[in-house]
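Number of protein chains: 4
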Amino acid sequence: MDEANAILLLSCPDQRGLVARLSNFIFQNNGNIVHADQHTSKSGKLFFMRIEWELNGFALGREEIPVVFTPLARQYDMKWDLHFTDYTPRMAIFVSKHLHCLHDLILRRHMGELAAGVEAVISNHPDARELVEQFGLKFFHFPITEKNKDQQEARELELLREMKIDLVVLARYMQVLSGKFLKYYGNRIINIHHSFLPAFAGGNPYQQAFDRGVKIIGATGHYVTEQLDDGPIIAQDVIKISHRDTVADIQTKSKDLERVVLARVLRLHLENKILVYGSKTIVFE
Amino acid sequence: MDEANAILLLSCPDQRGLVARLSNFIFQNNGNIVHADQHTSKSGKLFFMRIEWELNGFALGREEIPVVFTPLARQYDMKWDLHFTDYTPRMAIFVSKHLHCLHDLILRRHMGELAAGVEAVISNHPDARELVEQFGLKFFHFPITEKNKDQQEARELELLREMKIDLVVLARYMQVLSGKFLKYYGNRIINIHHSFLPAFAGGNPYQQAFDRGVKIIGATGHYVTEQLDDGPIIAQDVIKISHRDTVADIQTKSKDLERVVLARVLRLHLENKILVYGSKTIVFE
Amino acid sequence: MDEANAILLLSCPDQRGLVARLSNFIFQNNGNIVHADQHTSKSGKLFFMRIEWELNGFALGREEIPVVFTPLARQYDMKWDLHFTDYTPRMAIFVSKHLHCLHDLILRRHMGELAAGVEAVISNHPDARELVEQFGLKFFHFPITEKNKDQQEARELELLREMKIDLVVLARYMQVLSGKFLKYYGNRIINIHHSFLPAFAGGNPYQQAFDRGVKIIGATGHYVTEQLDDGPIIAQDVIKISHRDTVADIQTKSKDLERVVLARVLRLHLENKILVYGSKTIVFE
Amino acid sequence: MDEANAILLLSCPDQRGLVARLSNFIFQNNGNIVHADQHTSKSGKLFFMRIEWELNGFALGREEIPVVFTPLARQYDMKWDLHFTDYTPRMAIFVSKHLHCLHDLILRRHMGELAAGVEAVISNHPDARELVEQFGLKFFHFPITEKNKDQQEARELELLREMKIDLVVLARYMQVLSGKFLKYYGNRIINIHHSFLPAFAGGNPYQQAFDRGVKIIGATGHYVTEQLDDGPIIAQDVIKISHRDTVADIQTKSKDLERVVLARVLRLHLENKILVYGSKTIVFE
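Here the protein sequences line up with chains A, B, C and D, keeping their order.
Just so you know, the first sequence maps onto residues 0 to 284 in numbering that gives the first Met the number 0.
Just so you know, the second sequence maps onto residues 0 to 284 in numbering that gives the first Met the number 0.
Just so you know, the third sequence maps onto residues 0 to 284 in numbering that gives the first Met the number 0.
Just so you know, the fourth sequence maps onto residues 0 to 284 in numbering that gives the first Met the number 0.
Chain A extracted, bound-state conformation:
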């Protein structure tokens, strides 16, 4: 008996009968829908849907589903992805010198709270090695200079491909990734930015927030695109600050926020609840 569920994430031009057509596809193959969520963008006349159904009793095998679904998808001009809830995605974490998000992810993994395998931790600095290896995980050090940047990134990408990494998490990684890298991992690279984007994009947002005298700071989890800090936002959260908070206090408060927002964003991604639509996301919470 197959205890897992299948999840279909799709988008297509809106038209009558889409919900009926899709739910019939599941029903006629004897599937039991456990979640169905749908959204229609009026401005773009686009239809988005996430359907999750039990594989137990479903008439089609896992490999048959895409074969049978493809003609239907073509008819409605759908973009779609199929996921199974018992697959554990293989994740690589990139990090530089600020290790709080890395630490948090390692502990969540250790406690069984993270539905992904931490297959590799990659850094341009050696600082994280000890902690990473202490938890039995693999650490790779790729020092980066202006000269070797392209070459090192190519080696990183090769490593990720060899390791069959599904998802790249930039847990406070301070290097910009090239278009080639981004293209290969399109919408599968998640970054945590330590400000409430679009405010304080770019460098040192703690100092920027202090200088501007804002009364609330934030953190933003987003997919990475070539436009720095401009990718589709997945989740944001904020915390109050006051005139008493120094830049160091802002950093301390923000670090808690970054950990929590990154964990939430990963949970949404790993539960296949996010559809990217242009520069924005649809999050079926």
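The set of hints was computed from the structure by calculation and includes no laboratory data.
Copies of the same chain look alike in the list, so a pair counts if it fits in one copy or across any two.
Only pairs whose alpha carbons sit at most 25 Å apart, straight line, appear in this in silico DSS-like list of lysine-lysine:
#1 Lys239 <-> Lys272
#2 Lys44 <-> Lys272
#3 Lys78 <-> Lys279
#4 Lys96 <-> Lys146
#5 Lys252 <-> Lys239
#6 Lys272 <-> Lys41
Assemble chains B, C and D onto chain A, guided by the hints.
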């Protein structure tokens, strides 16, 4: 051309094919679904759904929909309600001496932000009359004593029935309504309670919060049941307080919260986004 | 017996003994301090203080306080203001076509929640007249064209001076005020901006937030300076949005936020809890 | 040169001149006040103050301060504590089977974010041993049965005294401590409760929150007293939930909250910013 939408809110025992069956019902009658949201309660094995579709082009007239839908609903043992988005519900507001929520609702109505008609304001005190009548609304004063309570409430209920009131809002009304009254308006009476329920149920929650020394206070919007302060919760919100806040400061902060939470709860109810399930609500936001 | 309190707000270069010197000044004149709050900016080496004491039993009369305090203030190079809690500031509200904040302020005043007199409502549009006059308040219509802008603003300023207005509130006022106007009312003009500044400064922040796909929107209350949307921030608050929210939904949610943030900012200003320091504020909450 | 600061936390019956008297004490000994915060409880007519000043240049040595201050304190009937910012308190963490808060504290310590030494981790279960020892910390296993409870607790208390533990943190510890234990460590035992107290005190607050159908859950950090879950609250925070959240989802969301609230509460305690007043706290943030 009918510009309105129809909304079906339903619940029934969970079984395979419900989403398909319901979306087919819309599709086969040439309806265009604009929103569909569904929830399955695993513990209760119950299925809940809200479907909204365009009446424009729909094959069935407004009166025909229930006729045609009834056999299907019976087959699956459904409880259901049908609403149309161009109907403006008729609302009565009950109030005692604290008028901030009443004021807020009157202004929202005045600004066109409230999708309901304020048909009557009913109070056991005369204080609100001037403001209510200043905005061209009807004010009814029903003074209540221990002796005349049953009689006055019966007269109020009669008035509401005559005025064809759809929804009763207790905007800080300090009298307990009888079981008879509640039965007649089951799940159509909304109360705003000035605490974060279940904390500080009963009288004077501001003082209770002060005495306990909590660091956050809240407000709760809920449907009214015979168990005081124990009805199904629709929405809650909170605000921080500190040792500097006196009971009067707590009241001032809370009043803002009460206004906003009550307005949010009304919006959800008037958009037919709430299903009641036992002592809880399903809110399709 | 004088039931009011005196409040001293001051800033000066930091040095040893300031708290002692100031509290001695109160004590030696037989004053009872009810609140004292102090802040030292390490970067700027500046000292800020707010002291509130009872006038009841104080040895100096209200007019004597500044006379006796001036030598002490000079010695430490202080900037300072003296306020009395029984003075009700005279407020003018500027508004254009979005009236929700105006409505809210009028109702708060009507309910006795606003510690200021609403002496004048000034608008470049006639829309607000009816509501304003209904509450017995004065409405002044100054239509503004490109040609008459300077002239009209000069007339507005003259009116404010004649009416001895202490505080100007821009409650969604769509005209930029001139440097001359700002200079006259320096740090006594409060604006509510309908975004989480510095994000989405300038026009149509609701649309900007929608286009960027943020998951949280905000509102900002600040003092007005010549740099548009760049004045010292007093308070901010936020609310979550999702992909389901249209621009109209964002507006509806934001309007609640704007009302609450503006009311909070006014409360802080009217309680003399704010010190401006360069482009930032110190808020003694 | 002494780079540390001294912090005086005190409370006494309110009377004129207290701020002056205390700031003079610092000033006359050539101290530079860097923070001063004060609160007067009107209902209780009590005065509370926290003063922090630089030891650099102060005329009194660390041991002389209490000697010289005692007569002044007696005169005004003060309760007081004196702290120095370069002292690192010695902390013991008690834990049972839920280890997320323990993990978080260990990592914060590892990252240098926690201004206390983790001298001992004590548990009635062996589960945490591996992780604790992996970070080079000491783990003590005290299995507890109904029979040996008193005896084991006595041994724990003896261990804490031998180790000169200053602060006990119950990081999800499921055993009730005796009055004797609490008396010894009065106001130096901090508990994190996984609900928004006073709602859902006692066992299984996640299930209680699910059953009641609340829309917001919380976590509460408080000092421990003999009345279970009734001690003085230090800080609280909340997060939204919906009908989609199962008890397991509520747990996942709550665990993030518990970590953050516990860390915040510890920071406030370790910075000597909390005064306990009856069943409430004054938190000088």
